[in-house]
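Take 1 as the starting number for the sequence shown in the numbering used here and just add one per residue.
One or more of the hints may lead you astray.
Claimed, not checked - Straight-line Cα separation of at most 25 Å, DSS-like style, residue types lysine-lysine; simulated pairs:
1. Lys-248 x Lys-79
2. Lys-57 x Lys-269
3. Lys-272 x Lys-179
4. Lys-279 x Lys-179
5. Lys-131 x Lys-141
6. Lys-131 x Lys-179
Quick caveat, the hints were computed from the structure, so don't treat them as lab data.
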Amino acid sequence: MKRLTTLACAAVIALTASPALAEWAPKGPINFWIGFGAGGGTDTQARALAEELEALKGWRIIPENKAGSGGRVMAAQLKDAPRDGQTIGLAINSTFDFPAGKNINIDDFTFLTMTAGSQMAILARADSGWKNLDDMVAAAKSGTNIVWANWGDQVQAGAELVARHYGINVNHLRGKGGKSAVNALVAQDANVGWGGGVQRPLVAAGELVILAAAEPSRLVQAPDTPTLIERGVMGTGLGFQFLLVGPKDMDPEAAKAITEAVHTVLKNKDSKTAKFVTKQYPPGPLFTSGDALLEQLRANLVANQEMIQLVK
1 MKRLTTLACA AVIALTASPA LAEWAPKGPI NFWIGFGAGG GTDTQARALA EELEALKGWR
61 IIPENKAGSG GRVMAAQLKD APRDGQTIGL AINSTFDFPA GKNINIDDFT FLTMTAGSQM
121 AILARADSGW KNLDDMVAAA KSGTNIVWAN WGDQVQAGAE LVARHYGINV NHLRGKGGKS
181 AVNALVAQDA NVGWGGGVQR PLVAAGELVI LAAAEPSRLV QAPDTPTLIE RGVMGTGLGF
241 QFLLVGPKDM DPEAAKAITE AVHTVLKNKD SKTAKFVTKQ YPPGPLFTSG DALLEQLRAN
301 LVANQEMIQL VK
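Given the sequences, and given the hints that come with them, work out the whole structure.
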């Protein structure tokens, strides 16, 4: 018994004296795939984040744009990528929780963390004279042709839901990327459009006006403007969140290390990424991650399926 006790103590001492397990580090460059084109909010955010993760951790990170189908082109490739943590992607939640892509399934991915959220709004040109959604509806019923600019299946379904709720007709103008709807308004190719946050400087300059908010709560730039939920148009918001994602069954140590590093960057108010997110997507960074993030995406999927049924 005495010998066993001595051996047990020796084992404890050996374990205590051994060095701590090394923190996860990639064995090569991390491929950082961006689900949208160059120059937009996703791209700008991703490249700033990649730069600051490199500075923080010493990892080499290679951003690459893989645009198309609202992030689904990137996601379709990501789901078959190696699971070692050396391939990750940045897209938005509707890439995964809007049931429009047959080759995209929530269960095909490891969801790491949110980074930021939108300020989704229905927009019009200020020179339209419209101050709110009621003005736009009145114009439509008086014969004004409504051309509604959007960039994806979810927001187009949302536009159709608004139109049916108010008994008006709209023509959908489909663009690529979040900037396309705002660009269509500026170019007068459309007289109504969605904006997820990129509209901020044009609203501040008085060129665009927010007719309604499409988030669960009112917008930072339009605190007096009701939401579509408050108006009884829909039961959920159409806003989006940026998500950092890996393939299914991603190395859990890699997932943890990358998520923690991203949170460190976003929690630093002086970081380039945090400053961009706070300015472009107020009120600032989001940190929902892991199981909580997956649960929210599943709930979103149910809500989106219900919306699709309403506009069929």
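When the structure is checked against the list of hints, which entries are broken? Sort them ascending. none
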